[in-house]
Structures are given as C-alpha cells and as structure tokens.
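Whole structure, please, built from the sequences with the hints as guidance.
Chains D and F are the protein sequences, given in the same order. Heads up, the first sequence is in numbering that gives the first Met the number 0, so the first residue is 0 and it goes up one at a time. Heads up, the second sequence is in numbering that gives the first Met the number 0, so the first residue is 0 and it goes up one at a time.
Because the hints were derived from the structure by calculation, they are not lab data. Just to be clear, a hint being listed does not mean it is correct.
Since copy identity is lost for identical chains, a pair holds within one copy or between any two.
Heads up, simulated BS3-like pairs for lysine-lysine below, C-alpha to C-alpha not over 25 Å straight-line [said to hold, decoys possible]:
{"id": "1", "residue 1": "276", "residue 2": "305"}
{"id": "2", "residue 1": "157", "residue 2": "204"}
{"id": "3", "residue 1": "348", "residue 2": "305"}
{"id": "4", "residue 1": "312", "residue 2": "20"}
{"id": "5", "residue 1": "287", "residue 2": "20"}
{"id": "6", "residue 1": "348", "residue 2": "311"}
{"id": "7", "residue 1": "185", "residue 2": "239"}
{"id": "8", "residue 1": "311", "residue 2": "20"}
2 protein chains.
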Amino acid sequence: MLIHSSSQLLTLAGGPQRGKKLGALGIIEKGAVVVRDEKIVAVGATDELKNAYPDEPTLDAGGGVLMPGFVDPHTHLIWAGDRANEFEMKMSGMEYLDILAAGGGIISTVKATRTASIEMLIAQTRPRLLKMFANGTTTAEAKTGYGLQTSTELRLLKALLALDDESPLDLAITFLGAHAIAPEYKDNPQGYVDEVVNTMLPTLKEWWQTHAPRLPLPFVDVFCETGAFSREQSRQVLVKAKDLGFPLKIHADEFDNIGGAALAAELGAASADHLVKTSDADILALAKSDTVAVSLPCTPFGLAEKDYTPAKKIIAADALFALATDCNPGTSWNESMQFVIALACRYMKLTPAQAIAATTINSAHAIRRADTIGSIEVGKQADMLILSVTDYRQLGYRYGTNLVKQVIKRGHVYSVDVGYYRTA
Amino acid sequence: MLIHSSSQLLTLAGGPQRGKKLGALGIIEKGAVVVRDEKIVAVGATDELKNAYPDEPTLDAGGGVLMPGFVDPHTHLIWAGDRANEFEMKMSGMEYLDILAAGGGIISTVKATRTASIEMLIAQTRPRLLKMFANGTTTAEAKTGYGLQTSTELRLLKALLALDDESPLDLAITFLGAHAIAPEYKDNPQGYVDEVVNTMLPTLKEWWQTHAPRLPLPFVDVFCETGAFSREQSRQVLVKAKDLGFPLKIHADEFDNIGGAALAAELGAASADHLVKTSDADILALAKSDTVAVSLPCTPFGLAEKDYTPAKKIIAADALFALATDCNPGTSWNESMQFVIALACRYMKLTPAQAIAATTINSAHAIRRADTIGSIEVGKQADMLILSVTDYRQLGYRYGTNLVKQVIKRGHVYSVDVGYYRTA
Numbered sequence: 000m001l002i003h004s005s006s007q008l009l010t011l012a013g014g015p016q017r018g019k020k021l022g023a024l025g026i027i028e029k030g031a032v033v034v035r036d037e038k039i040v041a042v043g044a045t046d047e048l049k050n051a052y053p054d055e056p057t058l059d060a061g062g063g064v065l066m067p068g069f070v071d072p073h074t075h076l077i078w079a080g081d082r083a084n085e086f087e088m089k090m091s092g093m094e095y096l097d098i099l100a101a102g103g104g105i106i107s108t109v110k111a112t113r114t115a116s117i118e119m120l121i122a123q124t125r126p127r128l129l130k131m132f133a134n135g136t137t138t139a140e141a142k143t144g145y146g147l148q149t150s151t152e153l154r155l156l157k158a159l160l161a162l163d164d165e166s167p168l169d170l171a172i173t174f175l176g177a178h179a180i181a182p183e184y185k186d187n188p189q190g191y192v193d194e195v196v197n198t199m200l201p202t203l204k205e206w207w208q209t210h211a212p213r214l215p216l217p218f219v220d221v222f223c224e225t226g227a228f229s230r231e232q233s234r235q236v237l238v239k240a241k242d243l244g245f246p247l248k249i250h251a252d253e254f255d256n257i258g259g260a261a262l263a264a265e266l267g268a269a270s271a272d273h274l275v276k277t278s279d280a281d282i283l284a285l286a287k288s289d290t291v292a293v294s295l296p297c298t299p300f301g302l303a304e305k306d307y308t309p310a311k312k313i314i315a316a317d318a319l320f321a322l323a324t325d326c327n328p329g330t331s332w333n334e335s336m337q338f339v340i341a342l343a344c345r346y347m348k349l350t351p352a353q354a355i356a357a358t359t360i361n362s363a364h365a366i367r368r369a370d371t372i373g374s375i376e377v378g379k380q381a382d383m384l385i386l387s388v389t390d391y392r393q394l395g396y397r398y399g400t401n402l403v404k405q406v407i408k409r410g411h412v413y414s415v416d417v418g419y420y421r422t423a
Numbered sequence: 000m001l002i003h004s005s006s007q008l009l010t011l012a013g014g015p016q017r018g019k020k021l022g023a024l025g026i027i028e029k030g031a032v033v034v035r036d037e038k039i040v041a042v043g044a045t046d047e048l049k050n051a052y053p054d055e056p057t058l059d060a061g062g063g064v065l066m067p068g069f070v071d072p073h074t075h076l077i078w079a080g081d082r083a084n085e086f087e088m089k090m091s092g093m094e095y096l097d098i099l100a101a102g103g104g105i106i107s108t109v110k111a112t113r114t115a116s117i118e119m120l121i122a123q124t125r126p127r128l129l130k131m132f133a134n135g136t137t138t139a140e141a142k143t144g145y146g147l148q149t150s151t152e153l154r155l156l157k158a159l160l161a162l163d164d165e166s167p168l169d170l171a172i173t174f175l176g177a178h179a180i181a182p183e184y185k186d187n188p189q190g191y192v193d194e195v196v197n198t199m200l201p202t203l204k205e206w207w208q209t210h211a212p213r214l215p216l217p218f219v220d221v222f223c224e225t226g227a228f229s230r231e232q233s234r235q236v237l238v239k240a241k242d243l244g245f246p247l248k249i250h251a252d253e254f255d256n257i258g259g260a261a262l263a264a265e266l267g268a269a270s271a272d273h274l275v276k277t278s279d280a281d282i283l284a285l286a287k288s289d290t291v292a293v294s295l296p297c298t299p300f301g302l303a304e305k306d307y308t309p310a311k312k313i314i315a316a317d318a319l320f321a322l323a324t325d326c327n328p329g330t331s332w333n334e335s336m337q338f339v340i341a342l343a344c345r346y347m348k349l350t351p352a353q354a355i356a357a358t359t360i361n362s363a364h365a366i367r368r369a370d371t372i373g374s375i376e377v378g379k380q381a382d383m384l385i386l387s388v389t390d391y392r393q394l395g396y397r398y399g400t401n402l403v404k405q406v407i408k409r410g411h412v413y414s415v416d417v418g419y420y421r422t423a
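In structure tokens:
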C-alpha cells in the first residue's frame, strides 16, 4: 500500500532528539510511504514513490498531515471504578485529608480493583484503550499498581496481556507494585518495601517467564515521593529489579524533590517521570544520562495546580524530553496525547514541533522502542496517523477535540473520525 | 420513541437557574422520555412510561446518562483560514505587537474571510459545526464579524443560514459588524461606528426580512473593550439596534473594565459575555437584570492566561450564569462544550452539576430559547444526549476526549462515538 498526502509528511527520522535538537520533524512536502507486511519499505516524495511502485494500491490522505502514531509512555491504564465523586468534593473546596476520611484517594481505587474480577477489569479498561487509539495513540505504556498485593498485581498483568492481545494498540507493560504503601502495611512501610523486594519481584519474574515467555521483561517502576517510597526505599526496589534483569522507570519529583531523578540516571532507568520539582543538579544528572525526562502536564492541569515540569530548562540542559498522559482515575483521566500537546505548548511553552517530537520518537525511547516505532523510516513498524488538518501546527493550537482521521497500525487502516451518522 | 436509561436522566426542568439555585439537575434515576414529532411528550420513570406507552418503539441508552443537548451561546463559528502560524510564534515567546507586524491578529482573519467565496466559507466552517455536533452541541450561537464591511458581513449571514439549513445542529445567528474597527477606518474609529449605525444595521434589517422572513431577527453584538469599541460607541451601536428591533448581546470586560456589563443590563441585552475583569458594581447590575453572564473559559486557557471569570462571585450575587466555547481562530479554537465544563470546574471551581446547568438551560436562556430547548420537559424540542458514562459527574472529571455516545436532535438519533473500525 502506498499512502500519500498532498500536505505534510512528518517523518521524525533520525532517532531520539536530545535537548535543543528537539522539534526536528523531518518534513517531506507532498510525501508518501510504502507499507508491506506491517512495515515501512519506502519513504519519499509522492511522485518518486509512485514511479518506483507503479502497481501499489494507494491510500490518499488528501490534504491531511501524515505522521507517526503517538506513543504514550506513562499511563495507569488499568483500574476498577472511578473517583468522580471525589472530584466533585475537591471542586466544592473539600480538603484532601477530609476526602481521604470520606473514603477517597488512591486506596479507594485499590479497594475497587482488588475486588474486581479479571473480566470486569478488562471490560472497564477496554473503553479507555479504545479512546486512546481513536485519539491517535498506537503504542501505550500501561502500569499495574492498584493491587498492592501479589495476587491482584498478577491479575492486572494478566488483564493487560489480554488487552494487548485483543487490541490493535500495542502495550508496553510496567509492574508498579510500589505505587503506594499497601493499606496492610500502613504502620510499617518498610515491611511493604521488603515484601516488594523479597516476594513480589521474584514472583513477577517467574510468572512472566511462564505467562509471557516470548515478550521481553516488563518495566519495574516505583513512586519515589514523600509519603510514598523514600529515595532509599526506591533504590532498594530498583536495585533488586535491575539485579533480576528488569528495565527500570521511576515516578519522581511530583510534589517534592527527594532525588528520584538522579537515582534514575544513576541506575540507567529508561525514564524518570513527573519532574515538577526537580532540582538543577538532578536535571544535570538526567542530561548526562540516557534516561528520558517524561513530563505529565495533565496532572497539574487535572488538579488545577500552577506548577508544571520546567521543560525548557530540561531541554536547555540537553536532556532527553518526552510527554505522556499519566491517564489515571485520581488526578488525570485523559486518554488523548493531542490534549497533552495542547497543554505542553501553553504551560511549558513548547512549540508544536517540539511537542510532536516529545510524543512520538522521544516517547518511544522512554519505553525503549525507538528502534521500531516513533518515526516514519524504512524498516520500522507501519504505525501512522492521517490527521484531518493540513498543517502540523494545528496540533496544540486547537484542543478539546480529536484531529485524527485515520489510524494506521501495523499497516492496517482504521477510521476513527466518522463525524456522525443518523441511525433513526 | 421511548428512550430509557438504567442510570441517570437529567431533566434540568424548571427554567433558567438564577444564582445560588444553579446546579439543580432534576435527576430521575432509571428515567425515560417519550418523543413524537420532534417533541418531548412524556418524561418519567421507565417503568411508568413503559406501562403508559406499551406499543412505543424503544431506544435503550443502557447505563448511559440521558441529558439535554448542550447549547453553546457564544461562537465565532464562521471564518476562513487559520492562525496556527501565529500560535507557534506566540508559544515561541514573540510579543503580540511583533505578531501584528508579522501580519497576525484578527485583521489577518478578516483579510482571508473577505477574499473567500461563500462556497469556501461554508466548506471551511462545516467541519467545525460537525465537531460541535459530535461533541454534543445541539444548538449553537454563531456570529459574523470577520467581514467588517457590509458585503462580507452579509455573505457570512448567508453562509450561516445555509449551514443552519443543511445541518442537524440549530444555529442562533448574531450580527457582529462591530467586532473590531475595520482596517479602512484605522485612523477614524468613530467613522466605522457611524457606518455600522447608519448603514450596516438598517441594511441588515432589510436584508434579513428579505432572506430569512420566517426567522426572528438575529442578535446584534458589539465588542466593548479598550482598543475596540468604547462604552459610548457600544451604546450607539446597541441603542440603534434596539430601536430597529434587534435583540442584543455584548462582549465585555475581557481585558479591561469599561462598563460593558452594566450597559448590557441597562439595555436589556440577552447576555454579556467574557466578564473577566467585571467590577462588583457591574456584577450587581447584572444580578438585578435578566441579562445572562456568559463566561468563556477557553479564552484564558487558549492564551495561557491566569485570570478567569469570577464565576462564584457572579453566582453568589444571584445573577444568571452560563458557559460557552467562544470558538474562534485567534484565542480559542475548541468546539467542545465538554471541555468548557472541564475548565469551569477546575479554574472557576464550579461543581459538575453547576457547569451542566450553565451549558444547557442557562445557556439556552442566553440565546433566549429556554422556552423550547435546554431541558427535558414535556412540550420541548427533543434535543438530548446519551453519554457513554453512567454518572453525570464524569463530565468535568474526565477531559480531552468525547463522552457523548449518541446525539438526539429533534427526535432523530445520531451515533457519534463509534470507537473505530478497520477499513483496510
């Protein structure tokens, strides 16, 4: 199949874009792509490719921009229930501690998730996954973490593997047993850390090798924050995970700077995520590493907070920078990477070009898949979007609606913007 | 047709909700609606209505919330071109005056609009209108105002009448010849005011009576702001319009408080819109009137500004409060009222219930149609939404995607949330 656009083809070619190089879109005006067997076999000017592949069936993107599918490198995709009630309390001015006392907060999601069957977990997660896909995300990271006990965490993994299997969207799975201190260990947090290190991680490795033997090991993540896991506890979790061969991620500096970002750099984590309160020294540590700084602007937006990741500082320091939704039921229930771009432009002053690179090739590197996805280059998986607009800068400029018209995943074409049709 | 939901039916019954009464959703659990000939003929519990109408064909909303269609009371729906380029300049830190010097600002849209044929205007506006509809807006106000000369303003009116005709969404049309000082009058702003008052408005009346004799007269609006029309100039425009029988609207206090809101109240305008910098005295004037205070939170969001309408103050003063998108190419290109609700909850601390009332029954009153739309009551037009969620508080809590599954317009059912389907 030869897909051609009469406006812009954004290739994002050339690998992850470090620091000030962020925003190189590799634009081919009136560009085309040839796809065979789920892969990209040629990229170039439409005229040239039509000559080189005269018998290839064509898909005309019209004036729509052709670009790589979004890669969302940080989501808490799977949970049961919702916290709409808590949102209403928050907007009515109730204090966080009163909300906790009224049964709100992360532990309410843990309770709902622990009691949900795998069928219910899949049924409740599927619509979120479809929303992501319909809004242009072709690969998403997905974390466990609302179980906080071995049995539920493994059920979440099983559900995520099933969803990955059934859906056109690819999942990069992360184990986040260390998301919060389990309620059973409220008065003995170190006891829970020991449980994660000594029981959960070895069990996870064995389970994974039995249930997903053909897949690489999942990421192991930890919530390094005051009130969750200290820097020392986070180190214990990550060092053990690394010893077992797991690739690493970290939640760091959302509310407080306790050194999680530097820890991620030191241990060679794939990414350090949130980074709202990161110190200049820790930004420097990231910049010297291959750890991607992943900003989650939906979280401050969701909570109506004023502080966002100091993205321009991170970029100026020459670090690797990416963006994600952080889709979760407490602080940020949004599935759309397009909206992440709109926030990044407004609240972190990225240009649309920088935000696009941070949601494609760089976010692919944050889940260590930049060799196969995140750009339109020969040999890569054919994961692409046809937008309903003729200029990439409409991403960011416009917001609140879906500008994706068709999603191409592993060479298959899905229409996602049908407008409407009358059924009765 | 009998439409029933196993979750919530929000009726919003009882007319516009003033001040502290805002947020009365009139919820019927497991409610149903009977629709005949485009109108609502019965509202009540599903069991009772199924007994009373045993032979009625049914539409099962499943667990989806059933609610009135959104009414968007302030949009600049029709223009040619875009200003994506200008957005990129802004995000790169360029100053507004430099952007103007580079050919940006409202006058660039005026230039593009003046040179566009009516066919091009309709073709470029249609996708916006469909996006509105797919996101749940069943009636929208739509302003002219990018012509600033009689011929183009009339072409915009003609295009809007054609779009109103072809589309399932209803338009409430507004004449905004006084949107900005026309470039020809740059050095003689009063000359343009005289042109609007002495030529445009009388021409408009005659034109309307010829081209749309069966429709009520459109609203006349004016941009009352430092740098646009002074309070005295705005009064001249509105008084003349009122003398000619037009209903009134005003843009007031977006950047500066020059008394537009009080002027609207004094002249009995249907609404005063923006109201970011409105004084306490002017809020009091609104509260004593039947003029609806329409807040446009997408505008500060679009510009990443920190000041929003003091909604809680306006509500506490017992004024009528509504919300709108302000969809336009300069400051806020968003078609979704769901996103307006998300902003209103976060940045003006409305509850989801208040925001829903402000986007249905109260926004219907802002275009003086609360007698026929904006709520689910016997005798009203059958304009309703079936959401893909089971609790109304998911509006506001979730954001960035579309939670509307089906739109019912004048009794016809349109599916708008199809997920995706594979086409190749």
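Here is how each hint holds up against the structure:
1. 276 - 305: Answer is both: 12 Å inside a copy and 21 Å across each meet the 25 Å cutoff.
2. 157 - 204: Answer is within; shortest intra-copy Cα gap is 14 Å, inter-copy 68 Å.
3. 348 - 305: Close inside one copy (14 Å) and across copies (15 Å); limit 25 Å.
4. 312 - 20: So residue 312 and residue 20 pass the 25 Å test inside one copy only (14 Å; across, 47 Å).
5. 287 - 20: within (15 Å within a copy, 57 Å between copies)
6. 348 - 311: This pair counts as within: shortest intra-copy Cα distance 8 Å, inter-copy 30 Å.
7. 185 - 239: Intra 23 Å, inter 71 Å, cutoff 25 Å: intra-copy only.
8. 311 - 20: For residue 311 and residue 20, the Cα distance is within 25 Å only inside one copy (12 Å; across copies 45 Å).
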